[in-house]
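**Q** Below are the chains, spelled out letter by letter.
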Amino acid sequence: MSNTTVTISTDLLAPGLAERFATLFAVAARKTLRAWELADVERADVVLLDDSQASVLADTGAACVICIGYVASPDAQTAQWAARLGPYFTVGDLIDTLDRAGVFLMDLHIRQKTALARQQLRLSTLQSPLHQQDANGPQTGYCYRLQRWVSLEAPLDTPACHRALALLTREAVSLRQLCHHSGLDLQTARMLLVQLGRRGVLVAEAQQTLRKAVIPVEQPRTTLPFLRRLSQWVMAGGRA
Amino acid sequence: MSGPTEPEDPTLEEDSDRLQAATLPRIALAGRMGIGKTTALRTLCGEELASTDVPNLDRETHVKEFTTVGAEFGDIELGSGERIQVCGCPGQERFSFLRQWVLSVSLGVFVMVDVRDPQDIEEAMRILLDVQAQRPTPPLALVLSTRPSTGAEREAFAQALAQRGLGVVPVLQADPRKREDLLNALSVLVSLLSLEGEKK
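The listed protein sequences correspond, in order, to chains B and U. Residue numbers 1 to 240, in my numbering, belong to the letters of the first sequence in order. Residue numbers 1001 to 1200, in my numbering, belong to the letters of the second sequence in order.
This is chain B alone, in the form it adopts within the complex:
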């Protein structure tokens, strides 16, 4: 079995569940097929969610998701692999689930390597730019919307979070739109959505969307020239 370490995140678990998981994980991790390491949600291969998060935060960005609770529906996740653990899971349940995730990830890595090799071969013989368009197909994503206005507390009571909150009142926006138009980083945006989900004011809507080009980090937040200038003026503390 591969010795590659698998990263797992408990950032999105409620404190009580996270503590229980940590206790059982300390035992289970020694008995699973692969080596495990705790990591931030952004870097993790496997993300753990509880009931309050699984129903609203469908897009964690991780390849694998494990939902802990009664009503969490793994089917709603956009991860490539999802599983459910009951709220009173045992060490044996955890070992079994972690092993299944570990095997899936190993298989995924092999498939990705194979796909990459094929793509490189294909690109080297591609002539028609139209083929690039055909490669873009529909992608299921999630958009989020605020049901009612709420006030934010530290550490989320920042101007960037207020901008994100206002965007969520306007229409259902994707995580990518939220970050792009508010200037929030991905991790804080997820944290904000988690908090809003816990307060019961967030609605997640599945949306079939065409694949869009990834917005590069360097691209200005605004597209209209005067908006760009106004944004720069504001960020400069009201100086031209």
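Read the hints as simulated data drawn from the structure, not as lab findings. Please note that a few of the clues may not be correct.
Here are some of the chain U residues that sit facing chain B, going by a computed Cβ distance under 10 Å [said to hold, decoys possible]: (1) Gly1079; (2) Gln1092; (3) Gln1119; (4) Glu1122; (5) Pro1148; (6) Gly1151; (7) Glu1155; (8) Ala1162; (9) Gly1167; (10) Glu1180; (11) Ser1187.
Here a beta-carbon is modelled for each residue, glycine too, at the ideal position from N, C-alpha and C.
Fit chain U to the given chain B structure using the hints.
**A** Below, chain U without anything else, positioned relative to chain B:
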């Protein structure tokens, strides 16, 4: 040898003025008399404003010595010759036609209220209904709480607006004397405009 110069066509100049009026980006400040619109204008644009203050003849309902008649204007210079105009709407109801005009030429509106004052809910509702009635595209609206308030009070104000059918409206804390507060509110408006621009 140079010939006589041709007289300028006044209609061209009028058209140019109308075009400029239509295309100059504007942000409106709306709210009842004494809520801090003029103060906010001065905080954002400096002391040089185009205003029309007259003695307040309604001292029974408001203690201000002077009140603004008509709209009040200030400019924000963004550099490279670009500017944005900030317009303060008169607070008295009898000048509501001017408020309608200012809203009709604005990209965004700051509705300034005291979230602790029950009367301001009705005032905010009147203004927001005027905003939503603008065509073809209503300006984006934010509510600013200009007096000290708690998060719970701002939430309650927002909920009261939603219950009156106005949807989910952002309610932010912004002291009109504090430039940082107003800049944060402006940054929220910019984000919303940026999202709107994505659709075009």
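**Q** Now, for every hint given, state plainly whether the structure supports it.
**A** Each hint tested on the structure:
The beta carbon of Gly1079/U comes within 4 Å of a beta carbon in chain B, closer than 10 Å, and the hint placing it at the interface holds. Contact between Gln1092/U and chain B, as hinted, is not supported at the beta carbon level, the nearest pair being about 28 Å apart and thus beyond 10 Å. Taking 10 Å as the C-beta cut-off, the interface hint given for Gln1119/U is violated, the closest approach to chain B being about 20 Å. Because the beta carbon of Glu1122/U sits about 18 Å from the nearest beta carbon in chain B, more than 10 Å, this interface hint is broken.
Annotation: Pro1148/U was flagged as interfacial toward chain B, and the flag is violated, the nearest CB pair being 14 Å apart, outside 10 Å. Satisfaction of the interface hint for Gly1151/U is found here, the shortest Cβ-Cβ separation to chain B being roughly 3 Å, below the 10 Å cut-off. Against a cut-off of 10 Å between C-beta atoms, the interface hint on Glu1155/U holds, since the closest Cβ of chain B lies about 6 Å away. Residue-level restraint check for Ala1162/U holds (minimum Cβ-Cβ distance to chain B is 6 Å; threshold 10 Å).
Look at Gly1167/U: its Cβ gets to within about 8 Å of chain B, closer than 10 Å, so that hint holds up. A cut of 10 Å between beta carbons decides the hint on Glu1180/U: the least distance to chain B is about 8 Å, and the hint holds. Checking Ser1187/U against chain B: minimum C-beta separation of about 5 Å stays under 10 Å; hint holds.
In summary, the numbered hints that this structure violates are 2, 3, 4 and 5.
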